[in-house]
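Residue numbers (our numbering), protein chains in the order written: chain A, 1 to 244; chain B, 1 to 732; chain C, 1 to 375; chain D, 1 to 80.
Calculated directly from the structure, the hints in this document are not laboratory data.
Since we're looking at a predicted model, the values are computed, not measured.
By construction, the Cβ of each residue, glycine as well, lies at the ideal position given by its N, Cα and C atoms.
There could be a bad hint or two in this list.
Some chain B residues close to chain D (C-beta under 10 Å, calculated; not the full set) [unchecked claim]:
no.	residue
1	A18
2	Q321
3	T323
4	R326
5	S350
6	S351
7	S357
8	N360
9	D386
10	Y454
11	S457
12	L495
13	G496
14	D499
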Amino acid sequence: CSMLSQKAEKDTTKTAAVETNESAESLLKKGRANSASGQYEEAIKNFETLEARYPLGKFAEQAMIESAYAYYKFDEPDTALDTIDRFSRMYPRSARTDYALYLRGLVNFNRGGSILDKVFPRSFSDLDAVRKKEAFHDFQKLLTRHADSKYAPDAAKRMGYLRNSLGESEANVAKHYMKRGAYLAAYNRAEYTIKHHQGTPAILDALKVKVCAARALKREKLASDTMRIIQLNFPENTKFGCSY
Amino acid sequence: DSFVLQDIQVNGLSRISAGTVLSNVPVRVGQTFDDRMTGDIVKSLYGTGLFEDVALSRRGNILIVKVQERLAIGSLDIEGNKTIETKVLTDALRGGGIAPGRPLDKAALAQFEKELQKQYVARGNYTAKVSSKVTPLKDGRAGVKIDIQEGTTAKIRNVKITGNKAFPEAVLQKLLESGPKSKLAVWSSKDEYSKAKLRGDLDNLSSFYRDRGFLRFEVVSSQVSLSDDKRFVNVNINVKEGDQYRVGTVNVTGTKSLAIQKMVSVKQGQVFSQSKLRETQKNFSSEMGKYGYAFAKVNVVPRFDEINKKVDLTFDLKQGQRTYVRRINVRGNYRTKDVVFRREMRQLESSFYSKESVENSRRRIQRLSFVESVKIQTSPVAGTTDQVDLDVTVVEQSSNQFTAGVGYSQSAGVLFNLGLSQNNFMGTGKQLSVAGAKSESESSFNLSYNNPYYTESGIGRGFKVYYDETDATDDDTSDYLSDKYGASVNFSFPLGEDDSLRFSLGAEQRSIETTDSSPDEVTEFIDANGNDYTQLISTLSYVKDTRDRTVFPSEGQRHSIGIELGIPGSDLEYYKLKYTGSAYFPISENVTSVFKGGVSYGDGFGDDDLPFFENFYSGGIRTVRGFEQSSLGPDDSSGDAAGGNLSVNATAEIRFPVPMLSDVKGLKASVFVDAGNVFDDEFDADEVRYSAGVGLTWVSPLGPLSLSYAKPLNAEDDDDVQELQFSVGANF
Amino acid sequence: CSGQSFPGSQLLGGQQKASYVAPVLKPLEKITSTATASKLWQVNTGTALSHVKIHPYANNIAVYAAAGSGVSAWDKNSGKSLWKQSLGEHITGGVNGGEGFVFAGTNSGKAVALDATTGAIKWISNVETEVLAVSKASLGVVVVRTIDGKLHGLNSKNGEILWQRVQRTPELSLYGASVPLVVSNGVIAGFDNGVVAAYGLKTGQPVWEIKLSTQKSGSEVDKLADIDGRLKSLGTALFTSNGNGRIVGANIGEGTVGWTRAFSSFTGAEANAGGVYSTDDNGNVWKLNPKNGQQMWKQDALENRQPTAPTLTQDGSHIVVADKQGNIHWIATPKGKITSRISGDPAGYNTPPLNSDGVIYTLGRSGVLTATKSQ
Amino acid sequence: CSNYKPTIQQGNALDSTTVSQIKVGMSKSDVIQALGSPLLTDDFNQSRWDYLYYVTERGQRSEQKNLTLQFDGNVITKIN
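So here's chain A without its partners, still in its complex pose:
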């Protein structure tokens, strides 16, 4: 198709901006080299020149998804997300849609990270829940649509991690309200955790908070009902204190 005719050609018309005759292929190679060596700004420039000069070809398709990766590494999450969304709209049947979904999940997963994370690792659990849910859904789409993609195993692992951390941050809020003596708020938060985050380790913490909060609110019946659930599901954890 037309991509093959993409040989180097000289632009003589004087009205057009001065165009070096670099072909799409060499632009793509240069962009990839920059990206590999960490010069993400350079990589982005090459990819976007390619897109401007040779739009709508196979090379432009590659350039677009790889510029998204470069933006992600260059700590510009929002532009990366826009580029990925534009990519899936422009090339719905591209061979790399699974990578696009995976990359989209990664951008939201690592949002807010900075070089200092190596020096002072940032605790992951209590960060913005909305982005984590978005990442969770991107990875989920990847697993349902491209179960056999080579990114699927890592996505599955990250989904598990996300599910647990979402449950954990919900339970942490319940504990926070116990510490402050807002027992009704703690009770309702614990209830929410149990309802929305089954199967995560946070369930046990939530059940404990529910018991202590019910006792503090002098609702012995609610406390004993919840205690029975703990005995059923976590027989070895029935002894715990209520000081938070």
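With chain A fixed as given, assemble chains B, C and D onto it according to the hints.
Showing chains B, C and D alone in chain A's frame:
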């Protein structure tokens, strides 16, 4: 008639791949095809935005899709725009799908042209012209050129008000923001016509009259008429004043509580005033807001008595249902733990919604130094009439300052330093700072850690460990060598929403060596007290802080008054009283006036004096700019500045964004006047030094940098003047 | 403080100020053939407000003008000053006359009648808002048009308000209004919303209305549709035009439209049996066939000079227009050739020339009154 | 020491007059209209509504106010 589709042929393609076209044709080979589907195919192909024209035809059982590709935009340039930045235009264009690399949609371009022209006219540029030219380039691409003639904003030639009896036209003209410019107001844009400004003026007029009893005042008509060449504008406003009304009887229905009744600021017999009425309504809703009635409403039922021009007012208070907060969600915290913000919230979950505590919470979060901005919005909970969720959306500001490398400071020569200060350490809100520095006159190391929430209710606790070796010989203060090391623990106890008590206790070991150039004061002191001292230092201070944020506050104040004691058991017993205060007043949206001041006094117990190394110094970028660092005040016997045990300084400043660089974050320019000095025991007014100048402060990712150029106003000849000064890590 | 921008930011550059680019003017070619017009006399009638549109008025006694806050009368032949009368307020409407009076209107909504011979103030009537135009007096009635879109019928003897009519005015319109045209016992007025309407002179009863077309889309400037120019009656026909709209030939009695033509002119029309003459917004002067509006000739030498509506000379051989650069041009009606040019008020002209007994009077924006005679 | 502790309010704040209006036989929607929806709900026992309220000021927790409504289907049967 329908038929089974044998094949789909696409022609007219030059750059787009057949695959892309086929993926957008909602029909597959082998399906039965009938005429109804043609509509969907054409719609979906146009939907891709890639094609100028799409035509379907049939040859036997083969569907032929004939497309004409849109030219892709090769280059896009914009000329002639002065008052709207090119970046704003390119973003708008990209929003409309017009950007290099994208297919050129001529309709969108024409739409953009019309829209931009409308924009200019709406801003009062009635002579503006916007046109665009598309020149085809090689290989299916097009060059787009947008040419803009902005013209000027129409100037108001005159404003005529008719129908006014109670107030002369001159009084009314002063109320208006739009009007002809007086000769000397060269900079003002008062004569630039804008619809919004005129509407604002009409509101000002009616509230002016309604505040003076003219309840039936109305603007009958307002005309704006353009000159023939569309460069000038006349404004004619015709008003009908109506009569002046006084307040008749006032009664409140809907609530029994007397406290609420007292809230009414409208009294019988007074001339009716709309602003007083609004004030009463505001008092009501804020009072009710405190008790969870967030949606309380007050409607005022006026009853006119036309004969003797009175109006009886009934305030009907509708409490509405009490509203409860179900869940509070924290958003945008990518680096900080949820609990660090949640613990600042005064509004709790499963508790009634109180406007006051939500506003309080917003202010407390805004004051955290690692928060750039915070918004709290309520959204109703589906299925309930009285429950809402709160969304706290935070924009974080990188608060870790990582300084390393070589620096030059005027007072200490070449400076090597390495330091990291983080007041949101690992997203926990704790503060940790580690810093080491080495230069000819000083080498120091200090580590400090503070946890503002050591206890749940906000009692803070922190430690500090420091080692400091100074050789004060070459800067112009008294010469001696001193090295000290020590550690201290500090606590802070909240006394209310805005004030707290701070206490610290520490031990310090210091030893002093004299040099041959040490002045008599130093040598006498050493002879009297020896070279080494162990000190037990404790400080106690009360701080009241109502500033709206710590970085570049725009309103509020901070006052701190405290005492530092060399408590008994130390070798040298002394005390230092210290007051520092700052107040911020917003002038306009991002212009703030700042007033700062400080008084410190120190003395030894009994008849001995304050140790010389504890003296206060003045001069330099943090006290009185324009004078060399610590150079002010009395001199010691060898002519260096000895400092003093009484220090006074004050600053008045106006801060505004740097005009051309207003989008650089955290950059502010300022115009200031400094005053201050240090004294030996007695304050002497004519010894106070003054200076004025301009300054620039930038809160860079590496920490606050400030630069100032100041002219001393009453420098004595032996003062060391230094107009240009800069520093890293100055407080602001 | 929304209006007041902070001096500091202006001082250090602030927003670049865009500058006004004046449209390009064609050079005027030299007049070679026999000059057909000459200047009789020229006087300065006072310091005028540059934006107001004051028409000169002449009767058998004198020619009248208004500038700033004073009305003045001048001898028609010598240009000698007969009398001057100050009204104490800026004059924004007039000058017109009839039945022994001279009328003018002020910006604070006062319509004033003066004695045509002595200039003494006969009556003052309050019409609330700025007066833009005054009709001639006829059958004891004078009609005043004010800026809020109202038409007021006043008793010409004592200024008592007989009737009032109003048309909805758009928020933005061009400054100025067409002089109400008194025809037998009716008055016809043009409004800023592109409507021409006829009312009973004595009663104000609406008789008919014609809506010239208005543009729907585009910016506020594209939507301007004022009828501010001259309403010309010729026998049973009425000719007028509006901005961004149409020029129309209609029946003056029934208000039925004979012909229309897409045309944009805020200055209105002039007409005689031979042709309908009008100046469009770009400054081209047209001659159209009065029967069907077909173009007969178009003179584009005065492009961008914003010439006024044309005025026919006494013998109908020429039409006279005055432009914003202060030139008065004579254009031959057969072919549209510019035959003569005289420079009058350097500040240029807002209102068309007046023909009275063969003398063409023009009143400029700085109050210069010029009398010229064409051979 | 007696330092400042922010006040803690929890539960439905009801004043005595509104509570006195609740009568046996009222429907659930009437109750919600008068008292608002209960903040403490127990999934296992839909027919029992608990309104409770307490406030902790400067560290001292007030006596907790309770109102329990038993429903049979949609109508109140017991109040205490």
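Indices of hints not satisfied (ascending) = Failing hints, ascending: 1 and 10.
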